[in-house]
Amino acid sequence: MERQVALELKNICKYFPGKVMANKNVNLTLYKGEILSLLGENGSGKTTLMNTISGIYAPDEGQIFIDGKEVVIKSPKDAYLYKIGMIHQHFKLVDIFSAAENIILGVKEKGSLKNVNTRVREIAERYGFDIDPKKKIYEMSVSEKQTVEIIKVLYRGADILILDEPTAVLTPQETEKLFAVLRKMKEDGKSIIIITHKLNEVLAISDRVSILRKGEYVGTVDTAKTNQKDLTEMMVGKKVELKIDRPKTEFDRPLLEIRNLCINSDDGNVAIDDASFYIRGGEILGVAGIAGCGQKELCEAIAGLRPIKSGLIMHKGENIIGLPPRTIIEKGVSMSFIPEDRLGMGLAPSFSITDNMMLKTYGEGKGPFVDRKSARERANALIKRLEIVTPSSETPVRKLSGGNVQKVLVGREIEAGPNVIITAYPVRGLDINSSYVIYDILNEQKKKGTGVLFIGEDLDVMLALCDKIMVLCHGKVMGIVHAEKTTKEQLGLMMTGSLDLTEEKKDKNLGFAKDSNLTEEEWKSEEERQEKEATDGRS
Amino acid sequence: MEEVKTVREPLFHMVKRGNITLLKRLGIYAGAIVAGILLTSILCVVASSDKSNPLEMFSSMFSGVFGTERRFWTFLRDTALLLGISLALLPAFKMKFWNLGANGQVLMGCLVTIACMRNLGGKIPDAGIIAIMTVASVLAGAAWAVIPAIFKAFFKTNETLFTLMMNYVAQGLVVYMITVWAPSGSGSLSPEVYGRLPNIGNGYLLTIIVSAILTVFMFFYLSRSKHGYELSVVGESENTARYVGINVKKVVIRTLILSGAMCGLMGLLIGGSINYTVSSEIVNNMGFTGIMASWLAKFNPLVLIGTCGLITFISKGMGQVRQDFGFYNDAIGNVVLGIIYFFIIGCEFFITYKLIFRKKNKTDFTAIENSTQKGKGGNE
Amino acid sequence: MFVSLITGAIPLAAVFLFGCVGEIITEKSGHLNLGIPGIMCSGTAGGCLGAYLCVSTFGNHVSWLVLVLISVALAFLFAAVVGGIYGFLTVSLRCNQNITGLALTTFGVGFTQFFIDNFVDRDYLYRASRIINRGLSFAGDLGWFGEIFLSYGILVYVAIAIAVVTSIFLKKTKTGLRLRSIGENPATADAAGINVTAYKYSAILIGSGIAGLGGFYYIMGYLGGSWENASTIEALGWLSVALVIFTLWRPNLSILGSFIFAVLYILAFKITGISFSQMSLLKILPYVVTIIVLIFTSIFGSKNVQPPAALGLNYFREDR
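Chains as they are written, first to last, in the numbering used here: chain A, 8 to 546; chain B, 52 to 431; chain C, 14 to 333.
Please note that a few of the clues may not be correct.
Below are the BS3-like pairs computed for lysine-lysine, each with C-alpha atoms no more than 30 Å apart in a straight line [what the hints assert, rightly or not]:
#	chain 1	residue 1	chain 2	residue 2
1	A	Lys373	B	Lys147
2	B	Lys145	B	Lys405
3	A	Lys531	A	Lys323
4	A	Lys115	C	Lys283
5	A	Lys121	C	Lys296
6	B	Lys301	A	Lys380
7	B	Lys301	A	Lys373
8	A	Lys391	A	Lys338
9	C	Lys296	A	Lys152
10	A	Lys236	A	Lys193
11	C	Lys187	A	Lys84
12	A	Lys90	A	Lys141
13	A	Lys406	B	Lys67
14	A	Lys221	B	Lys67
15	A	Lys76	A	Lys141
16	B	Lys102	A	Lys380
17	A	Lys338	A	Lys255
18	C	Lys184	A	Lys84
19	A	Lys380	A	Lys338
20	A	Lys323	A	Lys380
21	A	Lys115	C	Lys187
22	A	Lys406	A	Lys454
23	A	Lys184	A	Lys39
Computed Cβ-Cβ distance ranges for the label pairs, DEER-style [to be verified]:
#	chain 1	residue 1	chain 2	residue 2	range
24	C	His74	B	Pro242	50 to 58 Å
25	B	Leu256	C	Leu298	41 to 49 Å
26	C	Ser105	B	Leu256	30 to 38 Å
27	B	Phe109	C	Gly325	31 to 39 Å
28	A	Glu240	B	Leu406	54 to 62 Å
These stretches of chain C come out as covered by chain B in the derived footprint (C-beta under 8 Å, 3 or more residues) [said to hold, decoys possible]:
#	region
29	121-129
30	290-300
Everything labelled a hint here was simulated from the structure, so no lab data went into it.
Remember, it's a predicted structure, so these values are computed and weren't measured experimentally.
Yeah, the Cβ is synthetic: ideal placement off N, Cα and C, and Gly gets one too.
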């Protein structure tokens, strides 16, 4: 039987000035009632391509056909008229509006909000969503927000749905639920494109896979006739060893010990709730958890950027609570947090690489002037060592590609010779090869005896890279497990709070190191001192 | 659902430019300024009943600025004054602190200068008065700037409106002091005689020298010093600044003390070296003009000399145009300046973006790609 | 004195209210317009031109309706055109909003001074003012009630009506929802198929036009047709912009806020038996109070009364 074509792209080109071509002669066919995976590394142009279909970008060349007719999609509004709906990776929702208000935004139809609520409930029931139309977006969890996005698209009667990395922020269980919804939609005759770079998901959900590499169309294969290895080769272009090293090291004494730590978030809610853990020299401790479970606050508290409510943070047996950030940096605690926009923290985007190198060290040396000369030398050395692609050390980091920006950041942190590295999402948005450079850097540090706290998104990576993994759920520690002895499913259950390992072993706290730098008496007295200071501070 | 009306591509679409050569950038600015001046010259001719040739505006302007030796010195001095005030604003703006309060900060400097001259005049030697009024004016300017800075640093109070309101408070204080000093109700003060700043060469040179020194100082302060580095990090991203251990509050307050102190110093010159008196309008809105000048100079102290010169040239020149063209008042100067500002502000669009028009022929994208990849950062 | 304080304050409150509501509408689209003082001035230029043309053409017995309609239309038009410059520069050319606004204020103040001095015969303004300010004829019969509530020119009621309508528009209508979504997150609004550019332009033009009525009414209503200079209007413009923060971006609250500001502003003229010096000190009061209000809202502001999240940021769809 001849399948009906829902959407066809011919020779799509999109060129960003100052960068290379994001899409180069891309062809793509989507049949009615199928799920097509769009596979490619970060930076291979998947999102750009989908944005041209949904009217965000204007393509420089090429044609788009819908149901066999050529169309020009000038704006997202046009896309909706052609019944194309996109669920963006960074949700397009107005935080202070309710779910229903977000859903009807831009829909041209009469009728009150009450009708909207009923229709939303209809859609929700049909596909098995759970949603409260009156809830405000800023009160929602990530997966709830995603649900709103999907309903928003369905509400407008979209027949072609595009999902950009929908599983990146979900737990394995939530991912399963989403896939079930997608399959139901497929049965309904909807055509779905799902963007992802996770191979197992590709194989689990899609009928066919189209692959992009560096902006170019590589090919399309039937899912049934392929496997992870072939897909990887198509995606990366050469055979790669898909194995992250976990070098064996001698674990030292604990470098950083944290006990009974409680932290509040900006809006006064509990961000970290009574967390205890420790990091030894020569070990990588992973932190897993869904977005917003307190990772950011934890990082900031250790780096001295956020006041804590109670608890102790000991670095080599010394209390670092209340010390200014600069002093903590000088003690050798390095923190790098890659936020979603990837430039917000740790780097000054319009500064040159040289000036960014000085960020933590500019105050050294006597006199009122900064020492740009030695910073330039360090910048050049770093460029050479990490193979950073840049015209010169004086190029603003804003103009570098994501991978190179992150190399600058991580490289600078390593160069300072820290003994504790706290790094959050260091490979966010990087392609496979760049990611491996970062993993190598971290492993190198681990071998040198540095303690690493690795906050990541991808459970597969964490299982391969980390020695131990701590799982957070709503700021509570659900357990600390050896990476070799756990599974993704177990981690997923812990992330959502369905499994709490600390409940089973209530009597002994696993977050306390046996060979602590302090005796229990010393811990006690530190604790009392801390409490006394806190009450003094309040009165 | 409504039908999609057109299937045609739009006439053009906008894209961000990658890099732009310095020459092209200068060309765009020059084009904007020329276009602005041409438009305003035509407007002036239309509005004037006396003149009909737009070119006459230029000869008027040149004669207003270069016509006599005195005019030329006044032009240099006023450029220097504006330069001094704009320089004071640079560090604050570079830190993304919108200091719209330079008018008030300069005015306070001027007010305390006159207060010193009035109250100490004849009682202690002039040198003593000068020393005291220098310190006092610098402190007064700094105080006027640091109050909004403290609230910005600790409570994130909107500094734009805060500094603006401080201008009006300063003006009110000046009016009040004048009613105290001149109860007759004349509303103006006679020039002070004691404690005048010394004339160097002629009456104009002191201001010019002070501004020249400030320019050199500010150049090194912003580009080489640790303070300058810190404030540009704060301007770039407060998060990053906090993260690398910079005390953001301290930097904000320190920078605004510097900014206000320099404004106070310019107030000292206005009161102690140029006018020997104070009035609520004596700053002549240079605090605002200075904002435009430093924005147009893109925070570069050396370029600032040029933008201040241009703005002063236009205002001085328009003063002459007003006479020659028979305009009722000098408001025309602000109209012309405003229009030229629009052109310069607007032309930045063409520096950041370019328009790609709908084309019939296929573009050779490989050529573009090759040309941009040369000397480019990595790719994504 | 109390009654005269209120009756004196209300026309001035209308001036603030026009400016403040105009700026709120603009800010809801994500554009901080520091050109409002210049725009209010330009409205004055247009309105005064209209009033002058009407009275000089039709004589002293020009019909009230014609005079009001023409001068208000011209005030709105002039202000909207000048606001359009800001719109073009910030929406289409994506220029920095603060700088563009400040340049616009320089331009607007100069333009208005120049325009009125050259093209408007001020003698006609007094006459026009008397006609425009006619209150309801039966207001005098109702004693203090009539005096406090009904004795003003039509524009006072127009100002209040605009504030109320704007409030309902923003809160209850779908168009209002769309406008607010643009100020909060233009990329979201765009992806939802809303024409961001059209909304931004509409908000800026309408907001500017409304603000322009404020400047016009200052000369015609508050000053009774006497033209001094444009810089007093500029000061009122800045206070109107500050009022937006004071009234937490809510047009209905700004009715009360404008009244408070107006009382503070005229207090110096209404308190009897003080010296000229004391009066000049009292004139600082509205500015000092504004500063105190700014400080208080920044310390005690909660999450629900934040400015539109995308205020001051220009939107370009292809930005990544």
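Structure-based check of each hint:
no. : hint                               : result
1   : A:Lys373 with B:Lys147             : holds (28 Å)
2   : B:Lys145 with B:Lys405             : holds (26 Å)
3   : A:Lys531 with A:Lys323             : holds (17 Å)
4   : A:Lys115 with C:Lys283             : violated (53 Å)
5   : A:Lys121 with C:Lys296             : violated (52 Å)
6   : B:Lys301 with A:Lys380             : holds (27 Å)
7   : B:Lys301 with A:Lys373             : holds (20 Å)
8   : A:Lys391 with A:Lys338             : holds (27 Å)
9   : C:Lys296 with A:Lys152             : violated (52 Å)
10  : A:Lys236 with A:Lys193             : holds (27 Å)
11  : C:Lys187 with A:Lys84              : holds (17 Å)
12  : A:Lys90 with A:Lys141              : holds (26 Å)
13  : A:Lys406 with B:Lys67              : holds (13 Å)
14  : A:Lys221 with B:Lys67              : holds (21 Å)
15  : A:Lys76 with A:Lys141              : violated (40 Å)
16  : B:Lys102 with A:Lys380             : violated (59 Å)
17  : A:Lys338 with A:Lys255             : holds (26 Å)
18  : C:Lys184 with A:Lys84              : holds (24 Å)
19  : A:Lys380 with A:Lys338             : holds (25 Å)
20  : A:Lys323 with A:Lys380             : violated (34 Å)
21  : A:Lys115 with C:Lys187             : holds (9 Å)
22  : A:Lys406 with A:Lys454             : violated (33 Å)
23  : A:Lys184 with A:Lys39              : holds (22 Å)
24  : C:His74 with B:Pro242: 50 to 58 Å  : holds (53 Å)
25  : B:Leu256 with C:Leu298: 41 to 49 Å : holds (42 Å)
26  : C:Ser105 with B:Leu256: 30 to 38 Å : violated (46 Å)
27  : B:Phe109 with C:Gly325: 31 to 39 Å : holds (38 Å)
28  : A:Glu240 with B:Leu406: 54 to 62 Å : violated (41 Å)
29  : 121-129                            : holds (count 7)
30  : 290-300                            : holds (count 6)
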